[in-house]
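Undergrad: Assemble chain B onto chain A, guided by the hints.
If you read the protein sequences in the order shown, they are chains A and B. For the first sequence, the tail end lands on 344 under the working numbering, and the numbers increase by one without skipping. For the second sequence, the tail end lands on 676 under the working numbering, and the numbers increase by one without skipping.
Check before you lean on any hint, since a few could be wrong.
What the hints assert, rightly or not - Dumping the calculated PhoX-like pairs for lysine-lysine here, alpha-carbon to alpha-carbon at most 20 Å: (1) Lys552/B / Lys406/B; (2) Lys36/A / Lys46/A; (3) Lys305/A / Lys302/B; (4) Lys379/B / Lys123/A; (5) Lys239/B / Lys286/B; (6) Lys50/A / Lys36/A.
Source of the hints: derived by calculation from the structure; they are not laboratory data.
Each chain, letter by letter, is given below.
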Amino acid sequence: MSLSHFLAALDELVEDATRSLASVDSTETLEALRVKFVGAKNGALKSVQKLLASVEVPDKPAAGKRFNEVRDTIQAALDAAAAAVGGTGSGKASGPKLDATLPGLRPRLGQLHPITQTIEHLKEIMGRLGFSVTEGPEIEDTWHNFVALNIPEDHPARDPLDNFYLATANKQSASDHDAMLLRSQTSTVQIRVMESQPLPMRIISLGRVYRPDAPDATHFPMFHQMEGLWVDRHVTMAQLKSVLRLFATSYLGSDVNVRFRPSFFPFTEPSVEVDYWWNGQWIEFGGAGMVDPNVFAHLNIDSEKYSGFAFGLGVERLCMRRFGITDIRDLYRSDVRFLRQFAS
Amino acid sequence: MLVSWEWLSDYVDLTIDHEEMATRWALTGLNHESTELVEGVPVIDLEVTSNRGDCLGHIGIAREAAVLLSQTLRIPQPAPIESGRDAADQLQISNRYVDGCPRYIGRLIRGVKVGPSPEWLQKRLRAIGVKSINNVVDATNYVMFECGQPLHAFDFSQIRGGQIIIRRAEPKESFVAIDHKTYQLDPDMVVIADSERAVALGGVMGGVDSEVTDQTVDVLLEAADFIPLAIRRTARKLKLHSPASHRYERRVDSQQLDWASKRCCELILKIAGGELQKGMVDTGEKPFAAPEIYLRVDRIIKVLGIEVPWSTTLDILKRLGCSVIDGGANGTATILPPSYRMDLTREIDLIEEVARIYGYDKIPEDAVVPMVASARRPKDTMMQTVRNVCCGFGFSETMTPSLIGKTPASTISPWSDIAPLSTMVPLLEGASQLRRSLVPSLLASRLHNQQQSNKDVHLFETSNVYLPVASGLPKEQFHLGALGGDDLREIVGLFEEVVSRVCGADLLEKEIQREVVSWPFLQPESGVQWTLDGHVLAWAGVVSRSIVDGMKLDASMGVGELNLDRLLTRAREVPRLQGIVPFPVVDRDLNLIVDESLRWLELEQAVKSAAGPLCVGIAFQEIYRDTKKDGEGKKRMLFSLQLQSATETLTSQQADEVIQRVVGRCKEQFGATLLA
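Bound conformation, chain A alone (with noise of 0.2 Å):
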């Protein structure tokens, strides 16, 4: 046999196999062309290699040489052709054995802390509810932080042991016009806004805020506020009950008792408390009021034409009822094992 039709019938085997394997789907369709191409007593691979023998001796190295690389091509789309169909096909492991129930790989992933959680999901209940988020800064003059909102020089929350007065180097003192403190409250991004965004506005602010309290399982000293305001022509208490009756419902959820109760704040009146039911008794989760005409008289808001409201919600009370979290301190202290089990 000349050693071009030996070729010619290895190329036209390893197409029809390469071509026939390829299509495979099924298991069985697999099985019945490992048998036609390489089956050990009638494969075609096999009755090629019985060529072999009548190629002429000079040309037998080139024979040989290409029926290798055609039976390896072969096994290879087998192979192939196996993998494609989940099976080994051949019935021949080709490898360690897989074991499907080993656990998965799980690449370590973040998590948010519980604050940001809540924090986001506060904007979003008060995004629906038509509030725009805005920002101010947590270092604040006392213009902002407490002549604005309508607490004077003389008034106590303005005392050097119940704030964070930035020391400097020329004066110690809390009460000059020009000292800066880190504000004590959110209440003063109402006063920014007011300052600096055209009527009607409605936005809320989250951020943080501080007072000297000494740190226990319910206080420390650094804390997250969400300050609500919403001034129009027309905004009156009942929206105010209204928009913080639709919050908690929508945090605490539909079955919550929500309760409004007077209370005082120099920069609402009149102004509320509210409360919800929880574990027995009553519970505070934030104060709001109608904005204080001296408020809106600081910024030359003529407040016979406009009104509106504010609240001060504290996002850690939130936080730490949502997710069970007893000690205010856990939140701060950056431990992996608490921070981890946050994973939502």
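TA: Quick look at chain B alone, frame taken from chain A:
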């Protein structure tokens, strides 16, 4: 404010039980803290807000109850029998500090018999947690807890010269109070002195010399009005807080002084005997002028969103003690508030009174809230991406205090050379520096976890840093801080992904300038700084050995910080489709032997420029060292190039040409040799 249910019933018929009453008070402004039974009597703790000094006595609380229950308030009318001589002949009072003490009334009782109080009085005081001292002192306390006006009894025999002088404290004057402690005074404080020395710190505490003792026979009874600010400063400064200072800080009713003085005298005469000298010495009654407040019914509707019947409105105000003058039927009225309600000066104050008594619960909770568009801020969109990337990269979010203490790490301040701002009072122990970088806090967090044997700590925080400026408020800059393991590429990779996701891969690859930095808090040459538009965007590096050792950290680690405010200036709103090139990418691997000193940044730049526009990507693979084969000071840099043409399928010849150019350039520029 502790209130005895039994005591209250002296002034008002309590027609409901104490639990229901406590709820009514809570829902009208006196929050109910708790109720305890003391000797069978309910004692109710009510929170009195700072504007309601009138509720710091049983009568004030009873007045609220009377309003809520529509009952009549019974206020006793004291009529102590006077005998003896004129008080004015025996006692002189001169007021030299009217700004601190607008009014001072003195009455004199001679011949009292100091001893224990009768049981009924002791029991009432016990119920509200007040210790019985003796009948005279108990009488002053009783009247204070009855009407809210503090009173002070002096042993008149100790008042030298029979003279009371109200004055500012002298500079460096000292004073021994009833608690036998010596206090240093300052001229803002009100001193009650006799002709020789201070006998009381006005409104705060009496002196030890002049207190009423078992030997006291003649009593001078003080009823005074001290100014809140003076009292507050004194009490704070000396840390002397008393029921009296608490009440003065909230302002007392000057019109009530004489009533309280007479009421107390009557009680002393009754339980301690003695003769009340005729009349009194008064430094001067300040006539009370109630502010006239104009009230409009339509204003009430505008504020509350409901209509309160006009007659109900006027009735509530009258029951609260206001006088209605000119209360026309046209829905407006002029209102005069009572002297004990100094918090009522404006129309809005009256509206609040009407609302709270009418009931906040009558204000509906289903008012219309008109819809408005509220879009998410670009910052919130960016932050969602930043957080997602950080979490996806295995970093846990933490939150740490904004103030830090002095540690080896507090010197880390790549964003400012100006000394940090600090607070007068530390936030937490030792922590009074406003942080200029998030990294010191992250290192402290890392240390805490190490102490808890927590492994694999990767943390990030997004928070402000506070950069001092020459004047005005400091610059608050919003940062992403990250702390990883020993491989700095974790931090660099995190920041690359953040920038790429927020601003697009093009900005990361084409606009960020990188440079190596050597900062003392980083290991030598381990730092890299990125700039964007000429401003520092981020830095990353490996923490220096000295900080690691100084903080007793168990390993060095990669840290970094990215200015999110800066990033936001270039954030894209949404990714935009760039089109898809239909021709395949050809990957070519390269393995170059180069000098140890060659940095990837230089190599990458050279490769990029030599490869030209067909090179669409350069991917670092690894660094490998085989000093035996390559010699000392050499390393192998393995990387691959992605080649692609936008207009045709690249031939292998075209690809080979690019590779040849790259290899040639690297040989020329760095002496690199290609490893076959």
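Undergrad: Failing hints, ascending?
TA: 5
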